[in-house]
Amino acid sequence: MKLIDFLRYYVGGRAAVDEGYNVTMEVFVQGPDAYVQDQKLLRMIFNLTEYQVYKLHYEGVVSLEEWRKYEGKDTVTLIAGGKLNAAITQVQTEEMKFTISTIIENVLLKGRVRVKEMKLNDFLTMELGGRGIVHTNRNVLLEEFVNDPTKYIRSKGVLNEIQASDAYLRMEIAVKEEMIFEEDINKLYKNGVHTLLGWSIAAAAVKAGVHNFTKNSLDAALEELRRQTTEAPIKAGGIVRVCVQCEVASCGGTS
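No gaps in the numbering here: position 222 of the sequence shown is 222 in the UniProt record's numbering, and each next residue is one more.
Simulated from the structure, these hints should not be mistaken for lab results. Treat the hints with caution; some may be incorrect.
[Claimed, not checked] Below, in silico cross-link-like pairs of lysine-lysine (DSS-like), each with a Cα-Cα straight-line distance of 27 Å or less:
(1) K156 - K119
(2) K151 - K110
(3) K110 - K156
[Claimed, not checked] Derived CB-CB ranges, DEER-like:
(4) N106 - A34: 41 to 47 Å
(5) Q30 - K187: 23 to 29 Å
(6) N191 - Q39: 49 to 55 Å
(7) A204 - R138: 44 to 50 Å
(8) E224 - Q30: 27 to 33 Å
(9) D122 - M179: 29 to 35 Å
(10) A204 - R131: 44 to 50 Å
(11) E183 - D122: 21 to 27 Å
(12) N139 - H211: 28 to 34 Å
(13) R8 - I103: 45 to 51 Å
(14) D38 - T99: 48 to 54 Å
(15) Q39 - D219: 45 to 51 Å
Backbone N, C-alpha and C fix where the C-beta goes; we use that ideal spot for every residue, glycine too.
Using the sequences provided together with the hints, build the complete structure.
Right, here's the structure in full:
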């Protein structure tokens, strides 16, 4: 597909008037600045999910499995990355990835990219067109920014504009969710709870020590495991079962 056609479809016909737009999208993603000098238009393009897909294809990411292993997730906008992460989560759920020995971290975070580890200036560039970028913040992570935004964005007006945006709200929710999960994962590990089996037999006091969001997520994973175990087929003259209320991982059946 040519850039000029891409702009007509996704931005509007009035944007596709420059002769420099007569290049293919495969060429454009290699050096966008060389073909579009209008910075406002360039930001619009970068924020389109369709552009992010072209960019990923150019870098060899054409499947969910390749996305899961992709190390450049922090260069993809939150909307596009969120859709792909959600798709992976759905596939993992449908394929029954969890077992009684699955570790707590994998149940809660599901191998997704950590939004909180993205750099603030990268977020502002990709999601807000560079609004609020300060050179001294080049190594500041989003987790640090969410915890103390006024430390890094001194202008009240600029900060209010950033925090009022949909991109910031999505990011803040994702960062806080990750912070809650990681805090609770550490608590559980310190109490010897490392897997779903450990969670199923953990003391009430241990379970009460984590956030409700974490507790509900782990309980839901256990319930799904129980449901699928109950529906397991009869095999080789016996019933294959998984015991989640005891320390025995499997119970044999007799024919």
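Right, here's what the structure says about each hint:
1. K156 - K119: 21 Å, holds
2. K151 - K110: Roughly 32 Å between the alpha carbons, so the hint for K151 and K110 is violated.
3. K110 - K156: 36 Å, violated
4. N106 - A34: 41 to 47 Å: At 42 Å between Cβs, range holds.
5. Q30 - K187: 23 to 29 Å: Given about 46 Å between the Cβ atoms, the range is violated.
6. N191 - Q39: 49 to 55 Å: This hint holds: roughly 52 Å between Cβ atoms.
7. A204 - R138: 44 to 50 Å: Since the Cβ atoms of A204 and R138 sit about 46 Å apart, the hinted range of 44 to 50 Å holds.
8. E224 - Q30: 27 to 33 Å: Because 44 Å falls outside the window, the suggested range is violated.
9. D122 - M179: 29 to 35 Å: 19 Å, violated
10. A204 - R131: 44 to 50 Å: 48 Å, holds
11. E183 - D122: 21 to 27 Å: 24 Å, holds
12. N139 - H211: 28 to 34 Å: 29 Å, holds
13. R8 - I103: 45 to 51 Å: Since R8 and I103 have Cβ atoms about 49 Å apart, the given range 45 to 51 Å holds.
14. D38 - T99: 48 to 54 Å: Given about 52 Å between the Cβ atoms, the range holds.
15. Q39 - D219: 45 to 51 Å: Hint holds: Cβ distance 48 Å, inside 45 to 51 Å.
Consistency with the previously given hints fails for numbers 2, 3, 5, 8, 9, ordered from lowest to highest.
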